[in-house]
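The lines below spell out each chain.
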Amino acid sequence: MSLKKLPELCREASGGKLSPLRDLLRFLRKEKIRRPDLCLQYGKQLLTYGRSLGDELWVIHEQMVTAALDSGDVPTAHEHLQVLTRKFPGSQRVRRLEGMRCEAEGSFAAAAAIYEEMVEANPANSLARKRQVAVLIAKGDTAGAVKALNGYLAEFAADGEAWLQLAKLHIGALNYAAAAFCYEELVLVAPSDHVVHCRLGEVYYTMGGAENLMRARKHFSQSVDLLKAGNARGLHGLCQTCASPGCGQDFEQETYWQGGGG
Amino acid sequence: MGGEHLVLDPAIRDWVVFPLMLMVILVGVLRHNITALLKADKPLDKEELSYKQTLTRAKRLRGNGRFICREAFSRRKGYFTAKEGGLLRQEDLPGQANPMANPDKMMGPMKSQMGFVGTNMFMMAFTSYFFEGFVLVRVPFPLTNRFKVMLQRGVQLSTLDASYVSSTSWYFLVMFGLKSVINLFLRETPVQHEAKVIQSQLGVGAASMGFDTKKVYASEADSLDLAPHEWLLNDVEKRLLGSKYPTTSVYDLAGMHDDSAAMFGANDGGRAAQKTPKGSGGKKRPSGKRSD
Numbered sequence: 001m002s003l004k005k006l007p008e009l010c011r012e013a014s015g016g017k018l019s020p021l022r023d024l025l026r027f028l029r030k031e032k033i034r035r036p037d038l039c040l041q042y043g044k045q046l047l048t049y050g051r052s053l054g055d056e057l058w059v060i061h062e063q064m065v066t067a068a069l070d071s072g073d074v075p076t077a078h079e080h081l082q083v084l085t086r087k088f089p090g091s092q093r094v095r096r097l098e099g100m101r102c103e104a105e106g107s108f109a110a111a112a113a114i115y116e117e118m119v120e121a122n123p124a125n126s127l128a129r130k131r132q133v134a135v136l137i138a139k140g141d142t143a144g145a146v147k148a149l150n151g152y153l154a155e156f157a158a159d160g161e162a163w164l165q166l167a168k169l170h171i172g173a174l175n176y177a178a179a180a181f182c183y184e185e186l187v188l189v190a191p192s193d194h195v196v197h198c199r200l201g202e203v204y205y206t207m208g209g210a211e212n213l214m215r216a217r218k219h220f221s222q223s224v225d226l227l228k229a230g231n232a233r234g235l236h237g238l239c240q241t242c243a244s245p246g247c248g249q250d251f252e253q254e255t256y257w258q259g260g261g262g
Numbered sequence: 001m002g003g004e005h006l007v008l009d010p011a012i013r014d015w016v017v018f019p020l021m022l023m024v025i026l027v028g029v030l031r032h033n034i035t036a037l038l039k040a041d042k043p044l045d046k047e048e049l050s051y052k053q054t055l056t057r058a059k060r061l062r063g064n065g066r067f068i069c070r071e072a073f074s075r076r077k078g079y080f081t082a083k084e085g086g087l088l089r090q091e092d093l094p095g096q097a098n099p100m101a102n103p104d105k106m107m108g109p110m111k112s113q114m115g116f117v118g119t120n121m122f123m124m125a126f127t128s129y130f131f132e133g134f135v136l137v138r139v140p141f142p143l144t145n146r147f148k149v150m151l152q153r154g155v156q157l158s159t160l161d162a163s164y165v166s167s168t169s170w171y172f173l174v175m176f177g178l179k180s181v182i183n184l185f186l187r188e189t190p191v192q193h194e195a196k197v198i199q200s201q202l203g204v205g206a207a208s209m210g211f212d213t214k215k216v217y218a219s220e221a222d223s224l225d226l227a228p229h230e231w232l233l234n235d236v237e238k239r240l241l242g243s244k245y246p247t248t249s250v251y252d253l254a255g256m257h258d259d260s261a262a263m264f265g266a267n268d269g270g271r272a273a274q275k276t277p278k279g280s281g282g283k284k285r286p287s288g289k290r291s292d
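Protein chains in written order, with the UniProt record's numbering: chain E, 1 to 262; chain Y, 1 to 292.
Check the hints yourself; a few may be wrong.
Said to hold, decoys possible - Quick list of the computed label-pair ranges, beta carbon to beta carbon: (1) E:174 - Y:75: 16 to 24 Å; (2) E:150 - Y:177: 48 to 56 Å; (3) Y:93 - E:4: 42 to 50 Å.
None of these hints come from the bench; they were simulated from the model.
Glycine included, each C-beta is placed from N, C-alpha and C at the ideal position.
Bound-form chain Y, shown alone (with noise of 0.2 Å):
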């Protein structure tokens, strides 16, 4: 049967390959007005927030504990993960909620598959009144029997050529397929965007579920308790002055303090180094050279 080409009308195109793309966006942008409306705007968990602030609060520390001294990072790494009483080794912290406890979370993304489902069962019911058994399109490659499954829904013809697509099929490709085209059409203004993060900090918006306190508290916990400190300013003078930075002992220049406030403090187009006494004793020392 490899010669045999169906005929395809070119009415078929017209009345029922486009119009059915265009009802997919359509109903993709319905859908996502739908979802819009279901869902609630319900007040946010608390405790749940308050623990995820302190749990961004040691991550924080975790990630950029280096720009702190050492006494201010070893105070907050205590106050998190002490043995006894560090906030983020509690006792009586919660484990994953149980959905089932709360019935208004489990409503929750229930209510918000509701708009896609019955969207889904709508289309699917109208694709498969109107254009049951249609054959719509031919992909221009051959394709083994297997994608009969998937291009050929609805249409039980062993005889048929694997790269035809039957109505039903398509209706799947086109919908999964222009999930990118449809976000074009609900694109997020600026004026929505705003909205959302002023929710956000009126506390209202959708919970998220199975946020396990326990379990992220203890591996924060344990990978702060890792966690090296190297105080990144140690060599701030250094970075900042470059080739200026003094290698000469502060305690070769006794008595000349006001010079060494000068190489210090001014870095000022370059006059500080012209002041570097150059004469005065001259001992290097090796911490100032040391290059890390």
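This is chain E alone, in the form it adopts within the complex (with noise of 0.2 Å):
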């Protein structure tokens, strides 16, 4: 939806006048949408402007590092990292920005070392901890990253984003039941939300059998009841799984379910 404001907002932004390109980068990260390539060639113009910002300006600077790293642009990055950690010297939110520029040149081990410092500081510091798995994905070591989140999990048990992230790991490794769980437990985060519902779909038609085949086809309805223009996911979801032998065969099994529900 909010994504559909995106270019208009770009379009004034190109003007390079002071507010619109501070509209566009607030914007951006107001809705966190992931477009560096925006933020950098945006980012740029607005910070011409300086001390105008006011306060606003670091929060800018740390926007164009995040950005600028996620594009590979890492000497631009340190660029404005320098201007971060000179003004805000010991900084926790720093910090973990320094953490991200280690992992974006590779040295895991430096950037791990920073995370664990952070997190001995502060245990609550839940987006160290997040890092720390981060760091994990990107070295390969899927297991250690599953287990990270898991600990991670029962301390933050709140937390969709991270359940997000177990349940996509436990697809890779091909462990559908918890992939499952993890979609499961982001559905209650979100009943409204088509793309979880089309997510658990999938999950379950995947680990197949009558019953699982019955729960995917409710859950990519509800999906396209959900959104219905344009969820071409959830339909073709919805075919395949309708068509998939042992899935129309369940009206029987759907009475007794709802009888047991009542």
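Fit the two chains together into the complex; they arrive one by one in their own frames, and the hints show the way.
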């Protein structure tokens, strides 16, 4: 939905005026839109206004760091990071960016050391702990990442992002039952999100078996029901599920389950 | 004394009433900033944070549990509320933290009160020093004598009509009455808001007081135990297909597997409905017609 506003904001921002540029970058930040190209392009223009940005200047520097790292432009990231380090020495928020720079450079040990130190200083720092998981994933240590994520989720049980990541890791390891659990958790977090229902349906479909196919059909239907227009993935899943042998025969079972549900 | 009116000097309005209002607003802004300075960003208590997150998850299960299938629901329910080893029924949960045990936690709210108390004392002293005994305004309606305590603090005159307001009382009225005006000046900018969000993710911020884990968990476990589970997706196909939902049993369509697939799957523009074979058996199933 919100993505529709993006082209308009970009068009306005291309004039190079302060407030449209600021609005665009604010929008990217707020909606968590991953467009490092836009961020770098317009953020650079915006930073020429310097001091007139007030406190937002530093947030934009931070945004530039992550965008540059995202597009693999480590020197630019370093440049902005230095500005931030000079302004906020000893800040945990900047420290985390430094760790991310180390990750981008491929020096995972250094990054891990930074995060370790941050977590030790403040065990409630969920961002640092998530970065620790990210380091493990980047290193290709899926088992380690799953273990770390499980540890994280034992303490931060309500973190939907972490459940999503864990689901992806489990799917990567072909551990569908566990992935289904994670997606169920995400359904609980956002029951009106068609994407989550669609993914959960996919996992159930992949697991197979009459019961799982029935569940897959339900969740695909829910996904399509939530978003009818343009939900090709959900529709395709629904068709696939219904076309697969063993799916159509569960009218009887459905009634049975309905009876059990009352 | 009903007809006697005091004439209030217009200079009082220009030099006392308005300046006092302005001062109250400015002091309100100052107080806000002092509180922000005094507030220390201490790391949150990890244990408490974790308890709260688990509680959120349990509440979510109770609220949105009808979106997941029965087995998934009861598995989670067991995880939270099992008599033996259920997460919400653990034995060694901390009760309400004793505030005396942790002087840091005690100091936090006190510090934030400091700004309030300090500025308030200063303003009180200021008004009573400069405007002692002033009668500033008159409310345009009669009031009973009981209001004298509220409106005429600092002026002990039994003959003065109750609708006149003294300086100290005017200060209080303005201070409490203009709170929302002051808040307009202090409106949170987007950047400050973002900073707050990130702060909480970084695990720092003001720790809350008086979170009684044991009690909250016990009550949540009880409500979760009582929570019914009716799978909302039971009739999702019915909702999705609406009037196109087939009332014919699949068993009557034996050997027409492809058609039944189209019947359930393709919801694009009503083509599926035309494909549904109407004359095959036609045995109506009560479960298909249920409209719950």
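So, going through the hints one by one against the coordinates:
Checked against the hint of 16 to 24 Å, the pair residue 174 of chain E and residue 75 of chain Y passes, with Cβ atoms roughly 21 Å apart. Between residue 150 of chain E and residue 177 of chain Y, the C-beta spacing of about 54 Å keeps the proposed range 48 to 56 Å intact. In this structure the hint that residue 93 of chain Y and residue 4 of chain E lie 42 to 50 Å apart at CB holds, the actual value being about 48 Å.
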